[in-house]
Every structure is written in C-alpha cells, then in structure tokens.
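Sequences are here, hints too, so could you generate the full structure?
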Amino acid sequence: MFDFREYLRMEMFPHMLCPGCGHGIVLGALLRAIHSLKLTKDEIVVVSGIGCSSRLAGYVDFNTLHTTHGRPLAFATGIKLARPELTVIVITGDGDGLSIGGNHLIHAARRNVGLTCLLLNNQIYGMTGGQFAPTTQIGRVSTTSPKGQYETPFDSCKLAEAAGASFVARGITYEPSALEKLIVAAIENKGFSFLEVASDCPEFFGRFNKLGNPADQILMQKQNVVDVEAAAALPAERLRGKMLTGILHHEPRPEYGAVYAESVA
Amino acid sequence: MGAATKTVQLLQGNAACARAALAAGCRFYAGYPISPSSEIAEVMARLLPPAGGKFIQMEDEIASLGAVIGASLAGVKGMTATSGPGFSLMQEHIGYACYAEVPCVIVNVMRGGPSTGLPTLPAQGDVMQARWGTHGDHPAIALCPSTPAEVYELTVLAFNLSERLRTPVILLMDEVVAHMYEKVDMRRLANLPVENRARPTCEPGKHAAFTPGADGVPVMAPFGDGYRYHVTGLAHDDRGYPTQDPKLVAATNRRLQEKTVRNREGLMRYELLDTEDAEVIVFAYGIVAAAARRAVREARKQGIRAGLFRPITLWPFPGEELAAACAGASRVIVAEMNLGQMSGEVQRVIGRSKDVESCLKADGEAISPEEILLAIEGKEVRHV
Ligand code: SF4
Chain P
25 MFDFREYLRM EMFPHMLCPG CGHGIVLGAL LRAIHSLKLT KDEIVVVSGI GCSSRLAGYV
85 DFNTLHTTHG RPLAFATGIK LARPELTVIV ITGDGDGLSI GGNHLIHAAR RNVGLTCLLL
145 NNQIYGMTGG QFAPTTQIGR VSTTSPKGQY ETPFDSCKLA EAAGASFVAR GITYEPSALE
205 KLIVAAIENK GFSFLEVASD CPEFFGRFNK LGNPADQILM QKQNVVDVEA AAALPAERLR
265 GKMLTGILHH EPRPEYGAVY AESVA
Chain L
351 MGAATKTVQL LQGNAACARA ALAAGCRFYA GYPISPSSEI AEVMARLLPP AGGKFIQMED
411 EIASLGAVIG ASLAGVKGMT ATSGPGFSLM QEHIGYACYA EVPCVIVNVM RGGPSTGLPT
471 LPAQGDVMQA RWGTHGDHPA IALCPSTPAE VYELTVLAFN LSERLRTPVI LLMDEVVAHM
531 YEKVDMRRLA NLPVENRARP TCEPGKHAAF TPGADGVPVM APFGDGYRYH VTGLAHDDRG
591 YPTQDPKLVA ATNRRLQEKT VRNREGLMRY ELLDTEDAEV IVFAYGIVAA AARRAVREAR
651 KQGIRAGLFR PITLWPFPGE ELAAACAGAS RVIVAEMNLG QMSGEVQRVI GRSKDVESCL
711 KADGEAISPE EILLAIEGKE VRHV
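Going down the list, the sequences are from chains P and L. Following our numbering, the numbering of the first sequence begins with 25 at its first residue and continues without gaps. Following our numbering, the numbering of the second sequence begins with 351 at its first residue and continues without gaps.
Worth double-checking, as some hints may not be accurate.
Stated by the list, open to error - One-sided and incomplete, this derived list gives chain L residues near chain P with beta-carbon spacing under 8 Å: (1) Phe-378; (2) Ala-421; (3) Val-426; (4) Tyr-446; (5) Arg-537; (6) Phe-573; (7) Arg-578; (8) Val-581; (9) Tyr-591.
Claimed, not checked - Taking CB as the label site, the calculated pair distances span: (10) His-485/L <-> Thr-167/P: 20 to 28 Å; (11) Gln-407/L <-> His-273/P: 39 to 47 Å; (12) Lys-266/P <-> Ala-395/L: 40 to 48 Å; (13) Thr-168/P <-> Asn-541/L: 42 to 50 Å; (14) Arg-549/L <-> Leu-61/P: 27 to 35 Å; (15) Leu-689/L <-> Thr-168/P: 37 to 45 Å; (16) Arg-277/P <-> Gly-694/L: 52 to 60 Å; (17) Gly-486/L <-> Glu-261/P: 53 to 61 Å; (18) Glu-720/L <-> Thr-168/P: 52 to 60 Å.
Because the hints were derived from the structure by calculation, they are not lab data. Where a beta carbon is used, it is the ideal one built from N, C-alpha and C, also for glycine.
Now the structure itself:
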C-alpha cells in the first residue's frame with residue numbers, strides 16, 4: 025500500500041508552497057512512481073537547484089541535495105559518476121533548468137548521463153516574485169513583462185531531444201496518474217531522461233494573468249495540450265498552438281558511465 | 351617501468367599536483383580547460399581510469415566544481431583545477447562547499463589579471479580572491495607552494511585538511527611554479543600520511559548530519575550508505591533543514607569560521623630563513639620566495655642582517671607567527687606579484703609602529719632577486 029508519509033519528512037511540515045501550487049501534485053506523482061518501482065529510499069538521491077520547485081527536495085526522505093541556482097545537473101553528474109548504482113533524480117524549474125542552468129541541461133543530455141530530470145514548468149519565477157521565465161508564452165504578464173511577454177519561449181522538450189537526451193516526455197498536473205507512468209518510464213530509461221511537467225503558479229502567474237482559481241488553471245493545461253499518440257491522427261489545424269504530451273522521444277543508447285568505462289579501459 | 355617507481359623524478363609543478371592528488375586518494379576530477387592549469391586535467395585524464403577513478407571534462411568551471419562537490423558527497427575525494435577567470439566562476443560553489451561542509455580541493459594556477467589578462471604569464475593577484483572571493487563570511491584555507499616538490503606535498507596536505515575539516519581547500523600556485531620542472535626525491539613524498547574523513551559509526555537514523563564533534567566538525571555520511579539526510583546552501587540546523595533562527599544561524603556561521611582557527615595544528619605552515627637576528631624581514635610566497643631567498647643571502651654577504659618569512663599557508667593568515675618573527679626587525683618588506691594584496695594584511699599584523707615597504711610587480715614578469723635586493727638595500731622602495 026502506498027502511504028506518502030513513508031516518503032516524506034513529516035518534521036519539515038508545514039511546507040512553504042502556496043495554496044493551489046501545482047508542484048505538490050508533481051511530488052505526489054514522483055513518490056507514487058518511486059513506490060511502484062520498488063526502489064528503496066537509501067538508493068535514491070534527489071538533487072535540486074533554486075526556486076519553488078527545487079524546495080521539494082527538502083521534504084522527501086531520500087538522500088537530498090538542494091544546490092545552487094541552475095546547477096543541480098552538474099552536482100548530480102558528480103554523484104552519478106561516483107556512485108553509479110544510485111538512482112539520481114533532479115528536480116528543477118523553468119528558470120533554474122533552462123535559463124541559468126540551460127548549459128548544464130544540454131550537456132547532461134548530450135552525455136546521456138543516467139539522470140532523470142523533472143523540469144517543473146510554470147512559466148514564471150515564483151520564488152523571486154513573478155518575473156518572466158524562458159518558457160513564458162508570448163503575451164503573458166509578469167512583473168518584468170508588465171505589458172506582456174515579448175521574447176520567444178523555449179520548447180524544452182525539443183531542446184532536450186536535439187541535445188541528445190535518450191528519453192523525452194511531457195506531462196501535466198491535470199493528469200497525475202499519466203504523469204506517474206511517465207516518471208516510471210523516465211527512471212527506467214538508463215540514460216538521460218528529460219520530463220517537462222506543466223505546473224501552475226496561482227500566486228503570480230495565475231493572478232497576474234487573471235486565470236481564475238487553481239482548479240481553472242490546472243484545467244487550462246488540459247485544454248492546451250494534445251496527447252502525442254492522438255496527435256498523429258489529427259489534422260494540423262487542431263494542433264496549432266498546442267503542446268504535445270506523453271513520451272515524445274525514446275531512443276535508448278549507452279549510458280555515459282558505460283561509455284566511459286569502455287572508452288578508457 | 352612507470353615513472354611512479356623511480357626514486358628521483360623530473361617533475362613539473364602541474365604534474366606533481368595531479369600525481370599527489372592521486373596519492374592522496376583523489377578518485378574524481380572534473381574540470382574545464384584553461385591555461386596555465388591544463389596539464390593537471392591532462393594528467394588526471396590519463397591516471398584516474400587505471401586507478402579506478404573518474405575524469406570528466408565539464409561544460410564550464412561552475413559545473414566542474416558542482417560535479418566535484420556531488421562526487422564528494424557520494425564519498426569520493428574530488429578535485430578541480432583552474433586559473434583566474436575560471437576561479438572567479440567557481441566562487442559560488444566554493445561558498446556552497448564551505449556552508450554545506452563538503453571536502454574538496456580547488457587548484458588555482460594564478461595568471462595575470464584582471465579579466466582575461468595575461469593567460470600564460472605569472473601573477474599572484476588571486477590571493478585576496480582566495481580569501482574573500484565568495485560572498486558572505488566563510489572559512490578559507492589556501493596553501494601556496496614555491497617548488498614542484500612542495501606542490502606535491504601541499505596537494506596531499508590540501509586533501510588531508512579538506513577531509514579533516516570538511517571544507518574546501520585552495521591550492522594557489524603561480525604560473526612559474528606550475529610550469530617549473532625540478533628533480534624531486536620521491537622517497538619522502540611517496541610516504542606522506544593520507545587522511546580520510548570520519549564516517550558515522552552509529553545506526554542510520556541516529557546520525558545528526560550537522561552536529562559538530564569536539565573539533566567543531568560534523569561526521570560526514572556519504573550519500574547511499576543509509577544515512578539519509580538533507581544538504582542545502584541555505585542556512586540550516588543540525589539536521590540540515592533550512593532555518594532562519596538567528597541563534598542557530600549565528601552558531602553555525604561562527605563554528606565554520608572557527609573550524610580552521612581551532613584546528614591550527616598541521617594547518618599553519620610557514621618557513622623562516624635567518625629571521626632570528628634580522629633587521630630587515632622580507633615577506634614573500636610562491637615563486638617570489640625563491641627570489642627573496644637569493645636576495646636575503648646576497649644581503650647577508652653584504653653585511654645586511656636580512657631574513658625571510660615565507661607563508662606556506664596563506665589563509666588562515668599566519669599572523670601570530672609573522673608578528674613574532676618581525677618583533678625584533680626594524681623593517682618589513684612585502685614582495686609579491688600584485689599591487690599589494692598581502693601588504694595590507696602584513697601591515698595589520700605588525701601594527702603601526704613600522705611601515706610595511708613593498709616590492710611589487712603586476713606586469714606578467716616574475717620579481718627578480720636583484721629587485722628584492724634593491725628593496726632590502728633601501729634603494730628602490732615603494733610604500734603601500
Ligand atoms: S510562488 Fe507560485 S510556484 Fe512558488 S509556491 Fe507559490 S504558487 Fe507555487
């Protein structure tokens with residue numbers, strides 16, 4: 025039986041996330057995925073950077089490392105090389121993983137280091153008060169784009185795939201059980217797995233953009249996406265402006281540690 | 351027959367550093383190419399795999415130190431090497447390693463700065479950055495060798511101190527020492543003691559991750575050994591959990607500062623040459639100390655009672671030792687390849703009774719014995 029309390033540091037509660045924040049849903053899916061994979065708590069390392077999503081690392085009863093802004097993948101790479109038998113999961117955000125940490129993302133993907141990277145994308149810097157992020161959609165209001173965002177956002181999944189990630193997927197907090205399955209598949213892939221999860225920030229992104237209550241914002245995610253398998257049968261105009269969800273790319277190739285061992289032998 | 355088995359070897363400073371790291375138990379190296387430190391990475395790339403270690407060339411210096419800290423948390427001794435610009439990039443992670451108390455060794459082969467400066471020419475312009483480069487109050491240990499043999503010895507010491515005190519240790523070389531070749535007798539160096547961090551002996555669940563021992567240093571559990579705990583760069587309590595409690599924050603910040611001061615044994619290294627009766631004392635470190643040694647000998651021949659104080663440990667600053675050595679001297683000259691970074695520190699220690707004189711150079715050239723001799727003779731003296 026899954027009991028989330030078994031995986032949480034209850035002494036750390038109450039947590040610091042705002043009411044309605046989507047990050048808790050992602051954490052729930054992650055813990056269920058770990059439970060279903062029957063991984064022990066000792067063999068899991070959760071590494072995070074800086075930002076609201078990165079604070080999740082502190083609440084889970086694993087080996088946890090809350091690092092510097094943008095750099096969790098670098099720390100995680102060192103851990104994985106030092107102890108390849110450990111399951112290393114990185115939790116990062118859109119700013120942490122794609123802006124200040126963008127360079128580390130593409131290189132971890134290129135090397136195919138055996139890490140699972142969960143990038144929680146809420147299109148905003150929540151921790152610092154609601155500035156635009158590299159994933160903020162055109163027109164969205166933030167404290168630093170008061171008249172609407174004007175910079176073109178990243179599609180992080182395309183970026184990760186192009187950089188060489190052997191597994192790329194996208195999930196949404198509207199569908200926690202599908203998300204759980206994606207996390208399982210991501211951890212099972214031996215190389216670098218990248219999983220973007222659309223999350224919501226009612227405190228800033230939702231409020232600034234008048235998106236209604238947190239439930240409305242989660243529902244909106246559903247309206248903005250199409251499942252990758254369903255998309256294959258849909259005409260192009262039905263896909264315009266939509267993000268694809270599900271496993272977008274899975275092309276297993278030897279994990280960095282294995283390649284290294286062979287090439288330096 | 352590998353070079354490692356010969357008793358006398360011709361060793362370059364950078365190569366000595368890499369070999370000593372291996373001897374000290376380093377099994378992880380992450381780095382980014384930069385002159386004039388690149389040989390360290392090159393030697394590590396060759397020597398680590400056969401020793402069962404891992405080498406990785408990272409995407410930048412920030413990632414390099416991040417990976418080293420990660421490996422160290424997983425129980426493997428790690429090192430990175432860089433030069434000025436890369437050292438600047440590493441500063442945030444040096445602070446992280448100080449606060450999260452993660453042992454690691456950072457080698458900075460100093461080149462001319464600021465900025466890209468003089469990429470292949472020597473300088474000593476990073477001594478203050480080694481002390482205060484990262485933000486906030488933090489402990490700092492920096493060791494400064496002046497010969498390849500000493501590079502070897504101090505690299506081992508850097509690992510030992512880092513393991514003992516759970517703190518990053520910086521090895522500051524100048525470009526001349528890094529690229530200098532010297533015949534080194536390996537017999538003594540090969541048998542230097544190697545220290546390893548203490549590991550918890552209690553049951554998992556009973557281990558308080560950041561509760562200090564009598565020496566002010568908490569016992570460190572590697573990730574994956576059953577002692578699950580939290581590590582953060584936020585101010586934290588003894589469990590590693592974030593806190594803003596002023597009492598807890600103050601206690602940790604103080605403890606970290608005092609960790610180095612309380613454990614001075616084996617940490618404060620310096621060399622004295624002819625200081626007992628000296629009326630003029632030259633303070634010099636790194637390659638400048640080699641020039642100063644010649645100048646002091648020359649001055650003695652001329653009947654000037656000169657002496658040399660060579661700090662080997664630059665940080666923490668060997669203030670008490672310096673003050674004692676200078677007590678009887680009427681003049682103190684600081685010779686360094688920068689615009690007087692250590693001169694201020696020396697002045698602070700010896701007090702206002704005498705003005706520190708300077709023999710400074712920051713143009714990409716090493717200071718010569720003749721220049722120091724002129725300063726000793728009082729012929730060419732620039733005051734700070
Ligand atoms: S600021 Fe936004 S992202 Fe951060 S906890 Fe609050 S709702 Fe969540």
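Structure-based check of all given hints:
1. Phe-378: holds (6 Å)
2. Ala-421: holds (4 Å)
3. Val-426: holds (4 Å)
4. Tyr-446: holds (6 Å)
5. Arg-537: Result: violated, 30 Å to nearest chain P Cβ.
6. Phe-573: Cβ of Phe-573/L sits 4 Å from chain P, so the hint holds.
7. Arg-578: Holds, about 5 Å.
8. Val-581: Since chain P brings a Cβ to about 5 Å from Val-581/L, closer than 8 Å, the hint holds.
9. Tyr-591: Hint on Tyr-591/L: holds, closest Cβ of chain P at ~6 Å, below 8 Å.
10. His-485/L <-> Thr-167/P: 20 to 28 Å: Cβ of His-485/L to Cβ of Thr-167/P: about 25 Å, so the range 20 to 28 Å holds.
11. Gln-407/L <-> His-273/P: 39 to 47 Å: The hinted range 39 to 47 Å is violated for Gln-407/L and His-273/P, with Cβ atoms some 26 Å apart.
12. Lys-266/P <-> Ala-395/L: 40 to 48 Å: For Lys-266/P and Ala-395/L the Cβ distance comes to about 46 Å; the hint holds.
13. Thr-168/P <-> Asn-541/L: 42 to 50 Å: violated (60 Å)
14. Arg-549/L <-> Leu-61/P: 27 to 35 Å: holds (29 Å)
15. Leu-689/L <-> Thr-168/P: 37 to 45 Å: At 39 Å between Cβs, range holds.
16. Arg-277/P <-> Gly-694/L: 52 to 60 Å: At roughly 56 Å between Cβ atoms, Gly-694/L and Arg-277/P fall inside 52 to 60 Å, so the hint holds.
17. Gly-486/L <-> Glu-261/P: 53 to 61 Å: Because 55 Å falls inside the window, the suggested range holds.
18. Glu-720/L <-> Thr-168/P: 52 to 60 Å: holds (58 Å)
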